[in-house]
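Turn these sequences into a full structure, and let the hints steer you where they fit.
Sequence lines, in order, name chains A and B.
For the first sequence, the residue numbers in the working numbering are 1 to 338.
For the second sequence, the residue numbers in the working numbering are 1 to 338.
What the hints contain is simulated information worked out from the structure, not anything from laboratory work.
Just so you know, not all the hints are guaranteed correct.
Since the list gives no way to pick out one identical chain from another, each pair is judged satisfied if it fits inside one copy or across any two copies.
To be verified - Computed cross-link-like contacts, DSBU-like style, restricted to lysine-lysine with a CA-CA straight-line distance of at most 35 Å: (1) Lys145 to Lys294; (2) Lys105 to Lys173; (3) Lys100 to Lys304; (4) Lys170 to Lys145.
2 protein chains.
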Amino acid sequence: MTVAKVWKLLRQPVGRPTPENFICVEEQLPPCDDGDVITEAEYLSVDPYMRYKIRQIPLNSTMVGSQVARVTESKNPQWPVGSLMVHYQGWRTHTHLSSKFLQTKDNNVSPLPDMGNLPKSLGIGVIGMPGITAYFGFLEICQPKAGETVLVNGAAGAVGSIVVQIAKMKGCKVIAFAGSDEKVAWVKELGADYAFNYKTTNIGEALSQAAPENINCYFDNVGGQFSAEVLPHLADLCRVSVCGAISTYNDDSKDIGAVSLTSPFSEATLIWKQLRVEGFLCYRWNDRWTEGLKQLQHWVLEGKIKYKETVFHGFDKMPSAFIGLFDGENIGKAVVKL
Amino acid sequence: MTVAKVWKLLRQPVGRPTPENFICVEEQLPPCDDGDVITEAEYLSVDPYMRYKIRQIPLNSTMVGSQVARVTESKNPQWPVGSLMVHYQGWRTHTHLSSKFLQTKDNNVSPLPDMGNLPKSLGIGVIGMPGITAYFGFLEICQPKAGETVLVNGAAGAVGSIVVQIAKMKGCKVIAFAGSDEKVAWVKELGADYAFNYKTTNIGEALSQAAPENINCYFDNVGGQFSAEVLPHLADLCRVSVCGAISTYNDDSKDIGAVSLTSPFSEATLIWKQLRVEGFLCYRWNDRWTEGLKQLQHWVLEGKIKYKETVFHGFDKMPSAFIGLFDGENIGKAVVKL
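Spelled out as structure tokens, the structure:
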């Protein structure tokens with residue numbers, strides 16, 4: 001009989017999440033019956049989007065999220081003991097996946113791609129959801145052309161760091177913003193033509209100097225005031241890919257569907273600059289997921305995409321790893337290793 | 001020697017424009033030399049976009065805008081006396097068009113399409129810029145599919161009334177908002193499935209009832225608080241065509257490129273509903289202008305597009321016709337007849 005440790009949502013955060021919002025409990029898993037599988041987490045993901053997911057789930061729900069897991073018990077020939085998968089069963093050490101669930105379409109269970117000598121954790125990073133987010137969210141929504149100027153913020157993060165490198169591969173000029181001098185130095189290593197620490201830089205002045213020609217593609221992970229300051233520097237017909245808005249996630253007045261006039265994308269600028277602003281969730285490209293992963297893995301193996309990970313050790317670190325995202329603690333992808 | 005009356009911008013409006021912002025002066029036109037043409041205005045256009053243009057032109061400039069004009073003197077065989085054109089030389093009774101200007105690409109001078117029995121004023125209306133704005137701005141940006149639900153505001157205006165009818169032709173369900181009961185009645189005649197007077201209706205409640213399935217295409221002429229209230233009712237992957245934002249035009253804090261957080265398109269909703277919000281200017285489709293005009297004229301002649309005009313009489317009415325746009329005085333296209 002397997003006992004799982006599970007992080008549950010105890011209280012709705014008000015503003016920035018705190019450790020008191022979460023509670024770790026033990027759960028006895030059902031037996032592994034015909035067609036079932038039991039897995040053990042090896043790497044768990046923490047991602048900014050979870051801040052919104054919290055608002056959508058009831059109290060005492062398991063915290064949502066993905067993990068790289070190893071099959072430890074199996075009565076399912078598709079998933080022999082020892083095989084590795086990525087699943088989205090949330091913040092838990094052990095997971096019972098029923099025969100019925102495993103047969104469900106869109107269960108978001110997939111084999112971990114063969115990583116060769118690469119770390120398995122990349123399955124929840126550059127060769128996983130964040131990689132897919134960067135790949136399709138940038139290429140499909142921004143439609144960058146060689147010679148265009150691309151702006152990326154959160155550029156040392158899991159997604160932003162990949163966008164910087166894809167944009168350079170596509171022949172673009174890249175202007176990047178990140179939240180520390182160490183991050184800025186890394187983003188320059190990744191090939192950004194200009195990189196700035198947004199905490200010590202006047203965004204408008206930096207853009208005036210680095211991009212007097214104005215921005216053709218803006219890949220936005222930050223939102224809010226950052227975007228407001230960027231808007232005057234967008235070129236006519238600029239494409240804005242709204243991937244995230246981490247600067248606003250702890251502001252409960254900016255919830256999904258809130259009736260408010262507190263956003264940066266002013267109609268006057270949208271109209272006169274003919275901007276296209278598009279939000280997305282990576283699951284839009286579920287049918288092209290494998291194509292994306294293959295391309296990303298290929299680029300990683302060729303050395304064209306570099307990555308960093310900030311690894312937290314131990315399941316007890318889940319809340320602090322998550323909360324740290326809002327303080328910019330991570331460089332590259334934040335993962336928790338068990 | 002021809003003397004033109006010309007309306008100039010005397011003072012920048014603060015908020016809603018007033019008659020004191022404009023001054024009418026007389027201007028002696030240059031002689032009609034080889035290749036030149038002199039025209040006399042028959043119909044002049046007033047459009048909401050002019051409120052923004054005012055901010056971009058120096059004081060004492062001629063007010064911008066289009067007109068249907070007749071050639072009264074000509075030393076240019078392409079434009080014989082009596083021929084009709086649409087040009088954009090602004091609020092003026094008579095215009096000298098030099099040989100050099102007439103040879104310039106993108107001078108926005110075009111022959112008035114052959115209107116048959118239709119009023120010539122349609123050349124600045126449904127078979128002109130507002131028609132083109134509706135045609136391409138709706139079809140190209142919203143990409144409506146049969147069976148989808150379309151929301152149009154300003155639906156009794158020059159552009160909105162055409163969008164309502166194109167959307168019905170494309171097999172969509174149409175929900176329309178306008179600013180008086182008379183306008184609402186007309187919009188229903190045009191085929192809108194639901195039409196509401198926004199001044200006496202709770203927008204959110206109306207949409208909950210009329211579109212429980214949520215909105216797939218939102219053609220926005222109004223912006224601001226109206227859009228904020230619409231946002232919770234947009235469907236996943238909704239396309240928003242931002243044509244205008246008349247509710248905000250007199251608010252100088254919402255100028256083009258202003259660094260402010262006062263807009264309705266919240267990032268949380270953009271992301272989680274995967275919305276695409278695009279602003280446009282109709283000149284984007286300059287190379288397809290004739291195609292658009294032909295289709296619009298065809299629809300008008302077939303009776304598939306109906307129109308109304310609010311006609312003001314006399315050149316002295318230019319400022320009041322323009323100012324009236326912000327009070328919703330016009331039903332259909334506002335024009336000034338000379």
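- prompt: Between the shortest in-copy and the shortest cross-copy C-alpha distance, which are at most 35 Å for lysine 105 and lysine 173: within, between, both, or neither?
  reply: between (41 Å within a copy, 32 Å between copies)
field: Status of lysine 294 relative to lysine 145 across identical chains (alpha carbons, at most 35 Å)
entry: Answer is both: 22 Å inside a copy and 33 Å across each meet the 35 Å cutoff.
- prompt: For the identical chains here, do lysine 100 and lysine 304 meet the 35 Å Cα criterion within one copy, between copies, both, or neither?
  reply: For lysine 100 and lysine 304, neither the intra-copy (40 Å) nor the inter-copy (54 Å) Cα distance is at most 35 Å.
Homo-oligomer pair classification [lysine 145, lysine 170; C-alpha up to 35 Å]: both (7 Å within a copy, 33 Å between copies)
The earlier numbered hint that this structure contradicts is number 3, and it is the only one.
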